[in-house]
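2 protein chains.
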Amino acid sequence: MKIGILGYGNLGRGVEAAIKKNSDAELVAVYTRRDPSTLTIRTEGVPVKSTAALDTGKEDIDVLIICGGSATDLPVMTPKYAAMYNVIDSFDTHARVPEHFANVDKASKEAGKIGIISCGWDPGMFSLNRVYASAVLPDGQAYTFWGKGVSQGHSDAVRRIEGVRDCRQYTIPVPAALERVRNGENPALTTREKHTRECFVVAEEGADLARIEQEIKTMPNYFSDYDTTVHFIDEAEMKRDHSGLPHGGSVIYSGTSSEGQQHVIEYSLKLDSNPEFTGSVLVAFARAAVRLNSEGVSGAKTVFDIAPAYLSALSGEELRAHLL
Amino acid sequence: MKIGILGYGNLGRGVEAAIKKNSDAELVAVYTRRDPSTLTIRTEGVPVKSTAALDTGKEDIDVLIICGGSATDLPVMTPKYAAMYNVIDSFDTHARVPEHFANVDKASKEAGKIGIISCGWDPGMFSLNRVYASAVLPDGQAYTFWGKGVSQGHSDAVRRIEGVRDCRQYTIPVPAALERVRNGENPALTTREKHTRECFVVAEEGADLARIEQEIKTMPNYFSDYDTTVHFIDEAEMKRDHSGLPHGGSVIYSGTSSEGQQHVIEYSLKLDSNPEFTGSVLVAFARAAVRLNSEGVSGAKTVFDIAPAYLSALSGEELRAHLL
Chain V
16 MKIGILGYGN LGRGVEAAIK KNSDAELVAV YTRRDPSTLT IRTEGVPVKS
66 TAALDTGKED IDVLIICGGS ATDLPVMTPK YAAMYNVIDS FDTHARVPEH
116 FANVDKASKE AGKIGIISCG WDPGMFSLNR VYASAVLPDG QAYTFWGKGV
166 SQGHSDAVRR IEGVRDCRQY TIPVPAALER VRNGENPALT TREKHTRECF
216 VVAEEGADLA RIEQEIKTMP NYFSDYDTTV HFIDEAEMKR DHSGLPHGGS
266 VIYSGTSSEG QQHVIEYSLK LDSNPEFTGS VLVAFARAAV RLNSEGVSGA
316 KTVFDIAPAY LSALSGEELR AHLL
Chain A
16 MKIGILGYGN LGRGVEAAIK KNSDAELVAV YTRRDPSTLT IRTEGVPVKS
66 TAALDTGKED IDVLIICGGS ATDLPVMTPK YAAMYNVIDS FDTHARVPEH
116 FANVDKASKE AGKIGIISCG WDPGMFSLNR VYASAVLPDG QAYTFWGKGV
166 SQGHSDAVRR IEGVRDCRQY TIPVPAALER VRNGENPALT TREKHTRECF
216 VVAEEGADLA RIEQEIKTMP NYFSDYDTTV HFIDEAEMKR DHSGLPHGGS
266 VIYSGTSSEG QQHVIEYSLK LDSNPEFTGS VLVAFARAAV RLNSEGVSGA
316 KTVFDIAPAY LSALSGEELR AHLL
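Chains V and A, in that order, give the protein sequences.
Just so it is clear: in the first sequence, position 207 is 222 by this note's numbering, and no numbers are missing.
Just so it is clear: in the second sequence, position 24 is 39 by this note's numbering, and no numbers are missing.
This is chain V alone, in the form it adopts within the complex (with noise of 0.2 Å):
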């Protein structure tokens, strides 16, 4: 399959790097926003682009992997280029996604072309476990944990502070309250009981770190309803121990199939770079649409309605022959 990454950040970079590792895939370019002369890519032989090439509607592509943020560029890109293209985007709004959903399955529909959106690890394989958890165990309940790891969202808003210079947020899980629900207490658990907020800080010279440390905690939706505890490092240290971008995370299930007899299905991701294993994902769900759509499936699709045999590169017989 023939493969566009639109976007060339952290994520396209996870998906070009996802690509190398399938034998079936090729990625036939990279398109940015950017000036494409100055763009150097790591693969070496593939042009990168600029978007008009890709506004055209003619480019030899089987599907399009769109990278961009979900606040302002995936609402308008995909359904953009659902209109031309396979495409497929980690969308991760949550209180968006019903719009998103429908603009995408327009745009698509009238193509004749696959939309896959929301697809990575939370929202993608994570929401996987959900949904067939809960279709298992009716009665029962989720509970979904990240970390330990970097959280970029955060770490952005940590650096729009007023005299922080660089900043690697981690999102930690709490252990009692993992092992609670483990054991399958089921437990009413707040927000704050569920992660703690780590900040590793790079001030600028002479900053006054008592009134950063006050702004970071008392942030809302980011940390005001966690315990945060802050540190301030220098860059050498930032670069010695933080520059990587791990992640992962856990999906708990509990739930009872009759009185007293109880079940825990737990899901875990201990991922040593986010984008590269959202990236991966990204790669696997592809195949799926191009192979849904030369059946002749077109719309917007979530991973919940994609068949897992989609994903992958082997047979159906090889599949049942192996893995079944």
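Keep in mind that the hints were calculated from the coordinates and are not lab data.
Take these hints with a grain of salt, some might be off.
Just so you know, same-sequence chains aren't split out, so a pair can sit in one copy or run between any two.
As the list claims (entries may be wrong) - The list that follows gives simulated cross-link-like pairs (lysine-lysine, BS3-like), each with its CA atoms no further than 30 Å apart:
1. Lys-95 / Lys-73
2. Lys-36 / Lys-209
3. Lys-232 / Lys-124
4. Lys-254 / Lys-95
5. Lys-121 / Lys-35
6. Lys-35 / Lys-163
7. Lys-232 / Lys-163
8. Lys-124 / Lys-73
9. Lys-163 / Lys-254
10. Lys-17 / Lys-254
11. Lys-209 / Lys-163
Using the hints, position chain A against chain V.
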């Protein structure tokens, strides 16, 4: 959906329990090869019928859940009833899956029905996790661990030894092996290094315990490749401590997305009741069978061929709003 259960052993009763947890599912009959008058089931007001009633092909059921053994029952029953009804089974004889799939496919396609085979947790939920993980990270390796839990096949094998009145056999993963796999070491592990076996045996009075222990430990296929511990206990202790059928295990997949970027995916189950959880999986996939068939789909399917949304009683809109 109107469900019939064929066979009323541990698994049939597990399916019966699961149906009670699904408000859109109704148990309409239990079918048995025994004299129906000798069988009392837990659900009031539901008839017990002879399989002769099923054989007419005229029973008013949307799907038949076939709860027979993989060795001799299912290879005959599933194709037979796939020619008349939507059916689902938990066939688990790995080597014979291609043949069973082909037989069910032929019968169900000719009848315009769906036949889902090999559904439960392994094969079933574990298989799904092997496929998802290997599709997302093709450069990686899957490990499956079972237990701690009761293996009914191994318990039965010990019961066939002369002088044994009862046995409960637990399969137990070796902690050091689990640890190495979770650490992403991708070790090469022998059968003996992955699991140990523990047998609780009630012997006949005066039986030669040393001989029984020796026969267990050297039994080919079942025990000879494992480190096995044998405990002789009395019937009271068996009843007090070993009357349940707990099970579980983990699929752990470790893969890389690029040099030095490793990811570990783990799916684990802790089940109070193996048959009730298996029954719960069967009911969720039975829902999928009915829905797919109502859309005109026919033929043999496995868990790989079914989009997760088909398993859930929730609509696509509800799934996207609450579980994505």
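For this structure, which hints from the list above don't hold up? Violated hints: 3, 4, 5, 10; rest satisfied.
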